[in-house]
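Asks: Listed below are the residues making up each chain.
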Amino acid sequence: MDRNWTDVAIVLFPWIGGGAAIVFLFLLFGTRLLQSEPGSSRWHDRVWLSWLALAIYLLHNVEEYGIDVFGRMTQFPAEICSVLKLPAPPDCPIPAAYFLSVNIPLIWVIAPLAALLSRRHPLVGLAFYGVIFVNLFFHIMPLLAGAGFGPARLPQSFCSYPFQLGSSTRVSAPVG
Amino acid sequence: MSYTALAIIFFNGVIFHIILTGPLMLFINGNIGGAALVGTQFANAVLFLLIPWVGENWRGGVLIRPVT
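Taken in sequence, the protein lines are chains A and B. Everything in the first sequence is counted per the working numbering, starting at 1 for the first residue and increasing by one. Everything in the second sequence is counted per the working numbering, starting at 1 for the first residue and increasing by one.
What the hints contain is simulated information worked out from the structure, not anything from laboratory work. Note that the coordinates shown come from a computational prediction; the quantities given were computed from them, not determined experimentally. Cβ coordinates follow ideal geometry from the N, Cα and C atoms, glycine included. One thing to keep in mind: the hints can contain errors.
[What the hints assert, rightly or not] Interface residues of chain B toward chain A, partial, derived using beta-carbon atoms under 10 Å:
1) Met1
2) Leu6
3) Val14
4) Ile15
5) Gly22
6) Ile28
7) Val46
8) Phe48
9) Pro52
10) Asn57
[Stated by the list, open to error] Stretch by stretch, here's where chain B covers chain A in the computed footprint (C-beta under 8 Å, at least three residues):
11) 15-27
12) 113-121
Looking at chain A on its own, in the form it has when it is part of the complex (with noise of 0.2 Å):
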């Protein structure tokens, strides 16, 4: 299979997408600049989970395409290949191309777009737990059925707050 420029994308972008989390992580919990109310708690405030879930998702790409808790590089598409039953890559049919095109518009642009309309869109703003809470479902079921520790389960486990989906309830959304 001949690398082309996706290739060695699928490999940078995680680690670009994580220098962008430290900053956000930063920003997040060391400043109030991402909040909406500064004065208010950041777990009710739905500007600052917004953002929140751009990090999480951000550093979730790390473990998936960066480098995993056994410090295997870009470990998720050679899973993905081994569940379809696929040649292990470089061999797998499935090109770099789409896993950058699941990753790249949705989270270096849709997430952010998403967070910078969530004070007058709470709905567009909190969308990207849905994304969390089905995909934390899936990397946590292999692992509660018995299959191991797969690339992402650490993030998801302990970073993808599922309570966020409860504790939104209580995010307070004006209209206008």
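Got chain A sorted already, so can you dock chain B onto it with the hints?
Replies: For chain B alone, coordinates are given in the frame of chain A:
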């Protein structure tokens, strides 16, 4: 925020994953090419933003009114 709004958020995540995996299966089975596979994922990202947007504006925003 109402439980209906939470259901929309969850439903949006499910739809996203269906469009994530459906075209991949079609690609593996040779029904679509690589460009179509990638194109569906760009469309998926746009749809992901569109669904909550529509849900939010549905009937004048009835779904996002705070639980009282």
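Asks: Answer holds if the nearest beta-carbon of chain A is closer than 10 Å to that of methionine 1 of chain B; otherwise answer violated.
Replies: 5 Å, holds
Asks: May I ask you to test the interface hint for leucine 6 of chain B with respect to chain A, counting a Cβ-Cβ separation under 10 Å as satisfied?
Replies: 6 Å, holds
Asks: Is the interface hint for valine 14 of chain B satisfied, with its Cβ closer than 10 Å to some Cβ of chain A?
Replies: Where the cut-off is 10 Å and the nearest Cβ of chain A is about 6 Å from valine 14 of chain B, the hint holds.
Asks: For the hint on phenylalanine 48 of chain B, just tell me whether its beta-carbon gets within less than 10 Å of chain A.
Replies: 6 Å, holds
Asks: For the stretch 15-27 of chain A, does the count of residues with a C-beta closer than 8 Å to a C-beta of chain B reach 3?
Replies: violated (count 0)
Asks: Under 10 Å is the threshold here; is the Cβ of isoleucine 28 of chain B close enough to any Cβ of chain A for the hint to stand?
Replies: This interface hint holds because 7 Å falls under the 10 Å limit.
Asks: Counting residues of the stretch 113-121 of chain A whose CB is closer than 8 Å to a CB in chain B, do you get three or more?
Replies: It holds, with 3 qualifying residues against the three required.
Asks: Holds or violated: is there a CB of chain A closer than 10 Å to the CB of proline 52 of chain B?
Replies: 4 Å, holds
Asks: Measuring from the C-beta of valine 46 of chain B to each C-beta in chain A, is the shortest one below 10 Å?
Replies: This interface hint holds because 8 Å falls under the 10 Å limit.
Asks: Is the interface hint for glycine 22 of chain B satisfied, with its Cβ closer than 10 Å to some Cβ of chain A?
Replies: 13 Å, violated
Asks: With 10 Å as the cut and Cβ atoms as the points, is isoleucine 15 of chain B at the interface with chain A?
Replies: 9 Å, holds
Asks: Holds or violated: is the Cβ of asparagine 57 of chain B closer than 10 Å to a Cβ in chain A?
Replies: 9 Å, holds
In terms of the numbered hints stated before, the structure departs from hints 5 and 11, listed from lowest to highest.
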